[in-house]
Every structure is written in C-alpha cells, then in structure tokens.
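Model the placement of chain B on the given structure of chain A, informed by the hints.
So the protein sequences, as listed, match chains A and B.
Just so you know, the first sequence maps onto residues 51 to 712 in the working numbering.
Just so you know, the second sequence maps onto residues 51 to 712 in the working numbering.
It is worth saying that the hints were derived from the structure and are not from the lab.
Careful, some of the hints might be misleading.
Identical copies look the same in the list; a pair holds intra-copy or inter-copy alike.
Claimed, not checked - In silico DSS-like links for lysine-lysine, alpha-carbon gap of 30 Å or less: (1) K196 / K223; (2) K449 / K119; (3) K449 / K196; (4) K584 / K193; (5) K187 / K268; (6) K301 / K679; (7) K86 / K466.
It should be emphasised that the depicted structure is a prediction, and the values quoted were computed from it without experimental measurement.
2 protein chains.
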Amino acid sequence: MTEKMSYNGENIKQPNVGWFFSRKYITENDAYLFDKQIATICANYGKIGFSFITYPIGGIYRYNCQINKNRNARPIHLPDLQMGIQFWQKYVNCALSSWIDPDSPDEWIADFSAQEFKKEMDYARYLGINNVLIELKHSESPKLAKLINNFLDSSNCELSFWILLPTNSYLFKNEDCWLVWRNFRTLCNNCNHLFVGLAFTEDLGDEFASYKQIQRWKAEPLSFIRIDYSLFVRGNGSELKLTDVHSKLLKNLFLNNQCQHLLLSSLNYDELNELVFEEMLNGSLDCIKENNCKRVIEEEFLDEYMDVLQIPLQPLSNSLDSSVYNTFEQDKPKYLQYQKAIKTALEDLLLQNFENIILIILGAGRGPLVNASLSAIAEARKTFKYQKEFSVKIYAVEKNPNAIISLQYCNEERWKNSVSIIQSDMRSLTLFLESKEIEKPDIIISELLGSFGDNELCPECLDGVNNILKENTICIPSSYRNFLTPIQSLRLYQNIRDLKSNNKCNRVNEIKECSELSDHLYVVCLGQFCYLDKTKHCFEFLHPNLTNSSNFREASLNFRIPKNSELMGFAAHFEVVLYKNIILSTHPERHTENLFSWFPGLFPLRKLLFCANECNILFNIKRKFDKEKVWYEWFIEYEENGELIKSELQNENGESQSMNLS
Amino acid sequence: MTEKMSYNGENIKQPNVGWFFSRKYITENDAYLFDKQIATICANYGKIGFSFITYPIGGIYRYNCQINKNRNARPIHLPDLQMGIQFWQKYVNCALSSWIDPDSPDEWIADFSAQEFKKEMDYARYLGINNVLIELKHSESPKLAKLINNFLDSSNCELSFWILLPTNSYLFKNEDCWLVWRNFRTLCNNCNHLFVGLAFTEDLGDEFASYKQIQRWKAEPLSFIRIDYSLFVRGNGSELKLTDVHSKLLKNLFLNNQCQHLLLSSLNYDELNELVFEEMLNGSLDCIKENNCKRVIEEEFLDEYMDVLQIPLQPLSNSLDSSVYNTFEQDKPKYLQYQKAIKTALEDLLLQNFENIILIILGAGRGPLVNASLSAIAEARKTFKYQKEFSVKIYAVEKNPNAIISLQYCNEERWKNSVSIIQSDMRSLTLFLESKEIEKPDIIISELLGSFGDNELCPECLDGVNNILKENTICIPSSYRNFLTPIQSLRLYQNIRDLKSNNKCNRVNEIKECSELSDHLYVVCLGQFCYLDKTKHCFEFLHPNLTNSSNFREASLNFRIPKNSELMGFAAHFEVVLYKNIILSTHPERHTENLFSWFPGLFPLRKLLFCANECNILFNIKRKFDKEKVWYEWFIEYEENGELIKSELQNENGESQSMNLS
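Chain A on its own, in the form it takes in the complex (with noise of 0.2 Å):
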C-alpha cells in the first residue's frame, strides 16, 4: 500500500520531496487517531508525488501537548506495528516534538525537555528511522549539542540529525543564520551525522541577499529547505508558483537531487487539499528542474569521487596498473592540445629544413603520446601537401616493464614496427646515448604532470634528460606554473580526520601509520566547498632547464578571508604551456574544457579556522628537496586582536608526505 510512495520515487530522478507534518488544529481525540493512520498517509502523499513525510516521532498527539510544571507531557504514540518495518526507514523522517527545548532560561522546561529528548531519541532507534529534525531555537544551544553528543556516543546506530534554521535571524538576536549552525555543528565536534537545512521565511535574512554569502551554505552538509504554503503566489496562469525571492535563492542552493531534500509545509493552514499539495510540489519542482538538468550529467560521472580524498600517484617509485593507464588515455581533449602542439613544433622545424626529425617521448606508458605524434606528423605532412620531403623517429622511453609490453603489441599491430621502444628510466638514457640506441632528439614530450603541476616530480625527471639534449631541443611541455586557492569545507576536513575509520581514501594504507593526516598534499574532486578569494600563482617552472638551475621554490601568497567564513585548506590547480601558446589549464577560472585527467589537489590546513572578521591570511609554501625525496612543506600568518599568529609548520621535513625520487 505505501509502495505508492515509490511512485515518484526510485527509477525518475526526481529531487526527494517531503512533506512536513504539524497539525495544530486537531483535537485531542483526533491526534490520536491519526497517529495510528501513519500507512495510509504515507499512501496518500505518496499517490501525490511525495516521496516521504517528516512526522513527528511522539506522534501528533504527543507534539502539540502543552507540557506544565508537573512535568506531564502526553506519552509517546506513534505505534510501530501499523506499518511494515521497512516502510518506516523508507518514507518517514521524523522530528522531535516541538516543546522540547533543553535550552530553555526556564530550568525546569530544560530538565524535562533533556529527559523527553533522550525518550524520543530511544523511540526513533527503535523504529530504526534514519533522521531526525530538529529546529533550532536559541543562536547558542549548547546542552542540546551535548544532548546530541552523548546520544552519537552511546547508542551504535547510524541515525542523522537535520538541524532546521530559518532564513531570519529573530531567533537568533540578529546573528547570521550561518554562524549559528556553524558554532552548533563546532559544538557537535563538527560530526557528519549532522546536518542542516534552512527554513524559508518570508523575510530573509541579510546574508540570503549576498551571493558570496550564500556560497558558504555550499560549503556545508545542506541536506534539505523548508518551504511553507505561505511563500506561494498564483501566477498569472493562476498556477501556484514561489515567489520571486524564494524561488531564485532556492535555485541558489539546491544543486543536488541525491543529496539534498525538499520538505513542503502549512505551519498555519492546516486544511489543504490534495489539490494544494500537488500544486506546491509542482510549483517547487518547476523552481529547480532547469538547475538539475545542467547537473545530473555531471553528477553521475563524478558521484564516486566528489570529496574523496586520493593520495597522488608516484609514478617514479611505483608502476602504474593497466586501469590507471586505461582512465587517462580516455581524456581526448589532452591528447588533442599534445597533438596540436607537437603539429606545430614539427612545422616550425620544417619551417627551418630539418629532414630527419628525432622525436623523444619519455614515460611514454601505453603510447598515447606516440599516437598523438603519429597524428601529428600525419597532419604536418599535409600542411606541407607533401611537397617537403622528412622522416620523423619516434622513441618511446618507458621504464615500467608491464607497459613495455603494451607498447609492443601496438608497435607490432598499430605502428608497424616504426617506434623504436627503450626500456629506461629516462634520467638513465645517457647510457643509450652511448651505445647509439637512442639519437639526440630535436623534440621531447612528457606527459608528467600531477594536480599541482610539479608534484609528480616532472621537475626533476625533464632535469635529468638535459645531457642527451641539443641546444635547441624543443621540449613540450615547456613551462608549468601552479596556483592556489582557499577554500572553506567542512566535509573535506570531516573525510580528512575520520580518514582512516571510514576508508574513505583509495590507497588510504599508502598514508604513514603515525603521520598527521592533515599534512599531505591530496587530489579531491571539490564538492561541497566554495572558494574564499581569488586564486593565485604559486610557483612556476621552465624546459628545458639546461643550466639546472634549483627546483627549490618558495612563495608567499596573500588572501583576503571574508568575515563569518571557516578557512579549511587550499585548493590546487596547475596550467602547462606545451608549446608557443597550446595550454592545458585546470585554473578554475579558465579550465580546459571537458579535460578530465586532473582533480585538483588540496592543501589541508590542520584545524579550521575561524574568521569572525574579514582578515589577511598569508599561505607560506615550500618546496624543499633532499637526495631521496622532495616535499612541500606549508604554514599561515595572520593577525587576531593584533597579534601575529604563526600556525604549525605543516609536514616539515616531509615527515607526513614526500614524493621519492627512485
């Protein structure tokens, strides 16, 4: 019978809409009643095109009791056995009985409410429900964060907490609605069972007017927002429709159907009928569908890596598995921009007569570098309409033996035997040069480049080529610069600490026993964050470096924190000029389009800070090497009630994280 809840549900992806149950004007007797209806209003809204209700856990009855100094409210009544147990996990959510405020000035509504919190908390564990709603009432509610603490400590299950603000600030003595749940949530030891959700009122509150301060609700686990009857106008077509305001901030926060909720409401008409309810589902629907159309595509895609955190690949100390190889050549645009610079090296060469080209490709892995270069000397050819007569020698130099393999097979099936395949650190290819294996090449090409551009120490592999180089080699790629960005989220710094609990990290046994978690460079497809100024070069490297010159770098780079944010780390981007002016970028500002081979990367501060009011913050960074290993080494500078504070030094001496030149 509920399956019909189901209706709307599962198989279209359409946002999880609810709707939120608060029935004032009931009687007694009648409360009563409809707490043992719980099935078929489920049914009911179900055959509407909601997905689930949020109900309250004590039962109507119970929610709108009037408690007294006797301490007597009415018991707990929302019988388990009048629904299927899997039906109650499925459709309903449920909130705690609104006169429950442990936080109350009046001790005794706080004592009382402490003790019906803890029953009603114990009732929702035993009907197995997966969240419960609680509306803040207070800007500070510490004994209810302490409340919600012990309960996550003592009892096992996975149940969540959506905590509900309203878009006002009357509540909460004219505080920013965000510093209220930020401050909750720290209360809460910033626990991901935690939630939040945002309650449209019909005046909002200052911060809903400014779009950076909305962008910091992006930046949090917003799961769900309140809408009530009362925010609908009729349109001119008279059809039931949010009003401007409403509609466009919920455009501005609602970005994903999987993890973020709908809940409908009439805290104040209580008699709607059906007709209504599917009104204000469709009225809301019509809000955000354009938004989900441009998203669902993306999501799909990203959805096992978004907030992930990955360790870099070393591709020096470690070999690289045939799936790893398999992802990357997938990413068309890259190898399209490789193409076209190596095109036009070539051109520029024949420009100059060169005949007999010597082509270098070094980690050349499964060949997509040599197919990028057979394209290209194909297309060169025809620039020249053939009326110039060369030959182009392609090496691939590979050092792992697995790919080697590979590289035959397409060198005997795909290339006709035309590359010549060397099996060789490159920083060992004088060696071949000696014994006229190789030839000095007019061109070399590499493809190894991390998150951060220098982070997979292409640096210091290119250095070691530089003696079987000629003076005018061309090296694609010929410069890398990197950038940096701060960011605020809480669910990066959240996978970060549980990190090695929740295995939320591939190659999380790769991370050092004792290291500090929060001191490693990681590659993160950013999710739920927003930025927090502009981004800003960091370091930058040119090739061929023939005078090796030091790879020693060091910046400080200054940011402007806006007030009422939470700094959490630094985004990492790079930008490569292959040749001339043919660039790959994963600037977020100017990001190659549909190039994929790259997240950014992520250097985490160890706490988050706070910043009450808009400050400078200066990021220190290193890059520092030895003979074994080089590492970034990083910390910030900034005032507070003017007073310089230096935070850690952050993996010094790369005690946490190093990249291993063998």
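Same frame as chain A, now just chain B:
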C-alpha cells in the same frame, strides 16, 4: 564481443564453469599469435557456455617454453590492449607459468623461478586480474609460501591465489592431500587471500574414499575443482559424462554455486572441438544440478549471514529494536510450538477444574506470545466444545518502554483491550503483586533463550519471579539443555582474527577494546566448517527453581578428534522443553524443522589445534557469576607426545565477555 561470456552467466544462477588453457602441442609461432587472440577466445568459449577462462599470465608462448641454466625464458606476452580492461577482470583468471618452481631442488631453477614469479605476479597486478592459479608441486613449498606472503604484504591489491592440488598423492610422497594444503596455508599465515582447488585425478587418494575425510574440505575455502577430459566417459545414450566415482566426489564437494567454480581442461588432448567442450560442460553441470536445486533457496536467505560473526544479544542491558522483534516474530514453527505447549498446559488445568486461570507472559516484547496464548485459549475452548466455563486473564510484562507502545497498540487494535500490560523488569514483580496490579500466575511463559540456551540469562530472570509463583505454577519452558560439538573451520578462525579490521561482525564495537577476540561466545550461521565428533550434552536448567539452587555450572566433555584434522572451536546448540513432550531444538541431529530464530553459538579456541593423530580432547567449561554479571570460562586438555597439555584459560573472570545482570 566478449560480452557473450555472460550468456550463461549472471542472470541464470548456474555454476561458474571455466576453461583451463594449457596448449602443449602448438608451435612457437602459433603460440605467439594465440596470445594476441584473447578477445576471440573469450567470445568463443562464452558462446559455448563458459563463464571464464584460466589462461597463462605470461601467455602460452612463455608457458610452454623450456628454461635452461642460462636463465632465459621467453618474455611475458599477453598484451593488455587487445581487450577492454573490464573484460580481463570479468572473464580471465590467470595461471602461473608451469615451469616456475621456487622450491625446486635445483638451486638455479629455484632462484630463477623466484625472480620470474615476481615478474608474472607484477604483470597480473598490472592487468587487474582477480585470481592467479598456482599448481603445488611438492609436499612442502616454503619458498613459494614466502613469495606469496611477500607479494601480499607489499602490494595493495585484492588479488587472490588459487592453489591447485591433485587428488592423488604421487607428487606428495603419499602424504594426505588435505595435510599438504593445510601445511601450505599455515606457511602463508592462513591468509584469507588464499583459496584451494582440487584437480581430480584418475585414481583418487585414499582420503577421497572416506566420508569423514572428505568432510574436511567443507571446512576449507575450496573455490574450484578442475576436471579433465580424460575423466569423462560415454554414457548409454552416448552422452559425455563423468565416471561414477568422480561424479560422486564432485557432488560431495561442490556445494555452493556462488563461491565455487568448475574448471574444465584437456591436458592431453589438445584438439577437441566445440561440440566436445559443450558436452563436457553439460556433463559436469548435470552431475551437480540436483545438489544445487536443494541449496539455492537456503543460500539466498542465509548468504548474508553465512560465517558472519555476531555478538549475542543482551536483552537485559540493551533494549531491542523494532526490527529485531520483527525478525524474531517471523519464526512460525517456534510460536506454533509455544501455542501447543500453552494449549496443553491450559487443558491440563481445565481437567483439574481450574476456572479462572492467570497467565503471565514474562518479556512480552511486541506480543508474539500473547498471540500464541490467545490462539491456545481459543483452541482449548474448542477442545472442550465450550462445555467448560473458564476465563483466562493475561498479563504481559515487558521492561522495554518502546515495546510497551507496540503492546498498547495491539491491545487496542487486535486484542480488544483484554490484556493487562505491565511495564517492569520481571525481577521486580513482587511490587506489582503487593499493589494488586497482578495476581499469582497459574502459568508463566517466557522466551529468554539464546543460542547456547542459558546465555541470555534465562535462569537468572526466571529465578527472579520465584516470589510471585504458586507452588504448582506451570513454567513454560520447564527445562533446557545445551550441547557442544568440536568443529574445524579455517574461515571462522580468519573471521575472528580479522574482526577489527574487516568489520565482518555486526555490533563489533561492542567488543571491548582490550579483549581477546577469541575469548567470546559468538553467534554464527555456520557455513564453511565440519564437525569433528558427535554432539555432547553440557549444562541443564530446570524451572521453576523454587529452591533457588545455584546457576553455577561446570562440565568437562570428552571428544575424540580424528587424525589429520584441525580443531577450531566448539559449536553450541540447545534444546528446550516447553511443556511435557513439546520441545524446540537446535541440536544438529534433531533440529526443529524450519526453526530459524537461533543460529548456533561458537566457543573458539585461541589457536587452531592441528591433530596429526587421532586424539582425545577434554573441553572444560564453567558458567560463573558475581553480583553484576555472568560469564563462561573455558580451556581444553589433551595429550601430546605423552605429555598432558592444558590450553590457556579463556575469558578468565569474564574479562573479554560477560552478560550483565542489569
């Protein structure tokens, strides 16, 4: 193209049958070409009905080569790029080159083999292969074991080893084949990445003629059986079928479609045609079909529980959840027996001319025993054809406040408010008797038994109601006994050892941090195991225990363990007499049909005990208590080389596990 492999695969739940490649009679050149045809090979075998192939990881070209003292072997040649990466993982298992023999008495072969082992395993990891098959060549293979251990320690991959042994012992100096495997996996630290396979041989070793000895393989991760063309004969209808002796053995060993695989081969007849392949496939499937019909339903239901360790419930100190009650309430055979017992007891009272019968249900939960009682009363009325006037007053006592809500709901909606619901611990009922909220019962009914009978503190709970009983109160249940059986099981040993890392235990965090993982009574659906002796009786409890005789118990049970077996622990069962001859039993030899509320219990040993010779094992167990808790302590005694050995006392003073009295 290779998608055809799934033709007989995913949807139809048919055993996974693979083809084992070992083409001896092939030229060097043909082998080289063959190794580049994997996609076609997969497609062809898929069309016939095979679901995977086992192919040499280095290619046939290399597999067949002769090695010599110059330490040259043909290079690995099985190019990854010839087939989509996902098909390798789905359709191809690999076999190590047959000449690799790290334990060869020839030192150069051993050294060279170690080196080539690493190359081939590195290539398997590169390809992303799930399983690598290795044929054991010696009765002892310590160097191979070390190579496997090193590979698993250093690589971070999910790859499994399939260790193949023949079913005769020519290779193994006439040692028991199971023993050779047991010694080998012991050298590999009984690692759970190791699986065993049996290659059926024409003449079978003696151990395969003994039912008892065959049982040992059911306690091992026997993941595949290889059957060669030479073991097939033509039947009367000229169909290809396994010889009777091999058919019988296969039926005995092949128990699980999901975890076990068949591997067909033709080691000495290279050029069979597709028709013969299909005949072999059908011949072997026919043979195991009837086995599987029996087991499929059972597997589907039990699959997620099989060999998964559970911590016994503690209903006295933890309130149960709705979903737990819901599961237990599904057990129809159990409540039908209760109904029968209650009815018989009622009839006995009626024959004694009782008119107003008082019935108290102790620990009513959500009411299944109330339902059983109401049905029993209705039946009793029918039996006496309504000729006897009698009334039955039912009291339902329950301490879980959440379940009280369910009871009240049932009382209103289903029981016409005929039941008196008392929220109380049953051990505090004297108060209710004094205040006349209850009356002294003529019958008390409870269902407080755990997998080992008394382990959920039924004795203590029922002793706690002695004060409210009449002299002749009927107690349902009236007695229970528990039983122990020694078992062999590698899987359960592994699961306990890896408990904290692999999360294969629900409620694992209830295990005390510092406790010995083996010093727990677990509850587990026994899957990969075998019994090593008959089941023996341990403790007994009688109710009502009006003399308050102690619930301390001790027992020493003597078991006879067969030669060449490995004792892992003791399976625990119980049998309860509800009333007169109405019983429920989980005793392995007389389990009540379709009863599913109780999986067996398990008392593990700290170490696996290998028994080279038949021996007597004395299992000593005590049930002890103090004011707060009850616990079991256990150890074993046996003779070794004429010396009496005592194992360490497990769970001394309940340090690892105890049942709380409040």
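At 30 Å max between alpha carbons, let me know whether K449 reaches K119 within a copy, between copies, both or neither.
between (79 Å within a copy, 27 Å between copies)
Can you tell me if K86 and K466 fall within 30 Å by alpha carbon in one copy, between copies, both or neither?
For K86 and K466, the Cα distance is within 30 Å only across copies (16 Å; inside one copy 77 Å).
Could you place K196 and K223 in one of the four classes (within, between, both, neither) given a Cα distance threshold of 30 Å?
within (22 Å within a copy, 69 Å between copies)
Are the CA atoms of K449 and K196 at most 30 Å apart within a copy, between copies, both, or neither?
between (57 Å within a copy, 27 Å between copies)
Is it within, between, both, or neither for K187 and K268, if the alpha carbons may be no more than 30 Å apart?
Close inside one copy (23 Å), not across copies (61 Å); limit 30 Å.
Should K584 paired with K193 be assigned to within, between, both, or neither, using CA atoms and 30 Å as the limit?
neither (39 Å within a copy, 59 Å between copies)
For the identical chains here, do K301 and K679 meet the 30 Å Cα criterion within one copy, between copies, both, or neither?
neither (48 Å within a copy, 58 Å between copies)
Figure legend: structure checked against the earlier numbered hints; hints not met, in rising order: 4, 6.
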